[in-house]
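Asks: Below are the chains, spelled out letter by letter.
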Amino acid sequence: MDRNAASLPQLEDLGGAAQPLLRVEHLTKHFPVAGGLLAKRRTVRAVDDVTFAVGKGETLGIVGESGCGKSTTARVLMQLAPPDSGEILFDGMLVGGRDMSIAEFRRGVQMVFQDSYASLNPRLTVEQSITFGLKAQGISGAAARKVARDLLSKVGLRPEIFAERYPHEISGGQRQRVNIARALALSPRLVILDEAVSALDKSVEAQVLNLLVDLKTEFGLTYLFISHDLNVVRYMSDRVMVMYLGEVVEYGPVESLWARAAHPYTRALLSAMPSIDPDRRTQTAPLAGDPPNPIDPPSGCRFHPRCPHAEPVCAQTKPPLFAVEDEAHRAACLMIVPGSGHSASARLPSAMRDA
Amino acid sequence: MDAHVNVTAMSEPGPADAPVNRASRGYWANVARRLSRDKTSMVCAAILLLIFLAAILAPWMGLADPYKGSMIRRLRHLGAPGFPLGTDELGRDMIARLIYGGRLSLFIGMSPVVLAFVLGTSLGLVAGYAGGKVNTAIMRTVDVLFAFPSVLLAIAISGVLGAGVLNSIVSLTIVFTPQIARVAESVTTGVRNMDFIHAARASGAGDFTIIRDHVLGNVLGPIFVYATGLISVSMILAAGLSFLGLGVKPPEPEWGLMLNTLRTAIYTNPWVAALPGAMIFMVSICFNLLSDGLRSAMDIRN
Amino acid sequence: MSALVEISDLHVRFVGERTVHAINGVDLTLNAGETLGLLGESGSGKSVTLRALLRLLPKRRTVISGSIRVLDQDVLALDGEALSRFRGRTVSMIFQEPALALDPVYSIGSQIAETVMRHEGCSRAAADQRALEMLNVVRIPSAKSRLAAYPHELSGGMRQRAMIALALSCKPKILLADEPTTALDATVQIQILLLLRELQREFGMSVIFVTHDIGVAVEISDRLAVMYGGQIVEQGALRDIIRAPSHPYTRGLLGSNAHAAPKGQRLETIPGAPPVLDAVPRACPFAARCAVVEQRCNLQPPPVVEIADGRLTRCFLAAGQDASAMN
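Residue numbers (the working numbering), protein chains in the order written: chain P, 2 to 356; chain W, 4 to 305; chain E, 2 to 328.
A couple of the hints might just be wrong.
[Unchecked claim] Okay, derived cross-link-like pairs now, PhoX-like style, lysine-lysine, Cα gap no bigger than 25 angstroms in a straight line:
1) E:LYS145 to E:LYS172
2) E:LYS174 to P:LYS203
3) P:LYS217 to E:LYS264
4) W:LYS42 to E:LYS264
No wet-lab data here; the hints were simulated from the structure. From a predicted model like this one, the values you see are computed outputs, not experimental measurements.
With the hints as extra help, turn the sequences into a complete structure.
Replies: Here is the structure:
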């Protein structure tokens, strides 16, 4: 880590390697929907009781369709919107409590957004955008400029060409590199990548993905990688979390999830990916209809109205996150919960019923 | 293109799409360049500049005394010997009165817009950036004033305050502040929800720094364009107040007031009577076209 | 005569403050009953080609040369009444954003009925009947009640289906699709792709489907044309191109797809970024990014080579191979 001495030091590692860098406990964020004057007030349950952890140096992928709450989770984590309830622990310290102020937390976590143009101030040069945060943290102008130029070359942009450019003068891929450089300027330990490559052309996307992999090693980063593109998530992530209508429906190591997806929604997502083989085109759509609106979600398992395996019990019982084969891979589906009342659970192998 | 081939593996994005030799310009330099290419805007700017210069330099232009009348040379026609633009109902030289009149007319027309720009922008910026209850409080208050038609509001306030140059300016400022605040608030709200503001907040910067470095630069432009468009309205309203006797008092030369006093001569000497109106028309249309030009010059992605 | 659409030597240039040579010599044919995928990145000219075909480009800002013939009609010469008959009855288009393509103030049913009445001059009742029929055709559940729905009342996937219903309401011979599934969620995208595949067979129409996503192109197309820098760099049967891409750009595009890449291994990339196109490319527009570039690639435009039956590639290297193969 040959960071310039003038730049900010990365926050110190406190809990050791075994302690997750980020723990999110029962995070909930609801938005009221402005109805008519006399209409009943309704609520968007954007994020509902979400719990997960990200290990140090790990990449956790979050996937799901629109309205599943993945972006809201990122924004609440970034403290851009206050959570309704739940706790965020950064390296064992409670964020916003006595252990760690929100200002300190912001030094430790940075974010890269999907829209590379909207996330840069059109009136500032590339260099000014990168130095802004450093100056806000009290680094002098000259030192901040040095860091900015170092970072520009680290993200593959020659500073002598790009430092003085304005966002509209560079391409989408280059802008996203600038956004990455800006996120790294504050020496974060965790970087949230919210659909960071989704708007890029495929050939450019591959460049940026390679860059992200390199930077992760070089700066000892931990990634929260949010995307709707399962191919990219599989390539980038160690573990993957699947969200549906504000809830976590399944999570586990990427290989395990791809090989033994237990939740019908995860399986549907996987089989909805377009085939790359002309001889093996998709013949039937895994799901009918659109993902529903997270306003007033269904009772019980939120997926039950679209689920091909739904039984009456699914509308009544909320499935817990239950271990699939091992503790690291869990899914919230009654079909894998022994004695849940779903007919499929009766057919579970005895070993699992004992578990 | 060969120049890009030797880019190292680390700097993969060969700047094939970013011409290396072109020096990058600041935003406003770009706007100025684009504006200077627009013929209409340039002609309007030239006319306005001419009128402004004439108004400022009036005392040194060797003009006739705009206050001195003469009963025997009343209402001379256009092109009358010694009076190319004729004389008014009291026999005063129209050229001198029109040029001197520009001083007051432009001053009364523009200063309310400048004042309202400062006031309205501050209100709108605070409302838009703070959002929530602060926004509701400010914007509902503004909406109350906004509910009245501007002409009626201006007349009512001037009526209450009494006639006079200062009072006209105050009343017109009150008329324009809500309009500018509205625009400022909506632009600020839009900018506030952009990801670069989120990124700035995530970097730990305070609200003041964010407003100064990220919000102001992005909202001033559109507000400025809107305000430029208001100048013509302001000129006409100010002239209207003078016309009604609520603004400038005779014998001051001012276009609105001149229009009023020359009204009696409309049948005997229509061309001369129309001259102050023509000035108001010309200035306001020039400001309008200039603000249109500015608007398209500022649309950088176009 | 099997070619419905014949585009030859099409050039499109946008003029204005900045000149952009968006299309630089496109030759393309569309046969009856086939789905042609037009694959390319942003700025490659794929959408412009589509819009030129439907004469949707702004007249004052575009300079078009070359020829576009649809069913032996000179499209570039169409005007007034003939043009509006051409749009809708012969060729019709669906867009990425149905929210923008549908009129927000009319119900779905009345928009379809209007279109049918305008083009076929039938009665209101017959048109309403057709609207209902069309909603059933695109598998909108409880179609009857959806007739009265406004676009904003439908979900994204349903809106897209409604737009397809509108586009197909006058039974066009050719459907142009401009990334109609890009804005949709994955599970909805596959539904729409399957629907289009079925409708293409049912209606026996030809489709040109523009996309930037190889996976989507594989799911929908029979034949594929890959665009780069305003030119078609490779075209042929989908299977052949995916199995054995012949142009270096296509090879790079297939290689950089995260689909196949094992974790931990670097993705193959195409270095650099697409060309700016502020001038007509005088050499191969891909030369600056090409892994196998040679000196001649930067000096003159590469020839279009037919490397197999119906398989065209615009590359010197393919030409070289071809020549050696013939010797």
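Asks: Enumerate the violated hints, using their earlier numbering and listing them in ascending order.
Replies: Hints 2 and 4 contradicted; others consistent.
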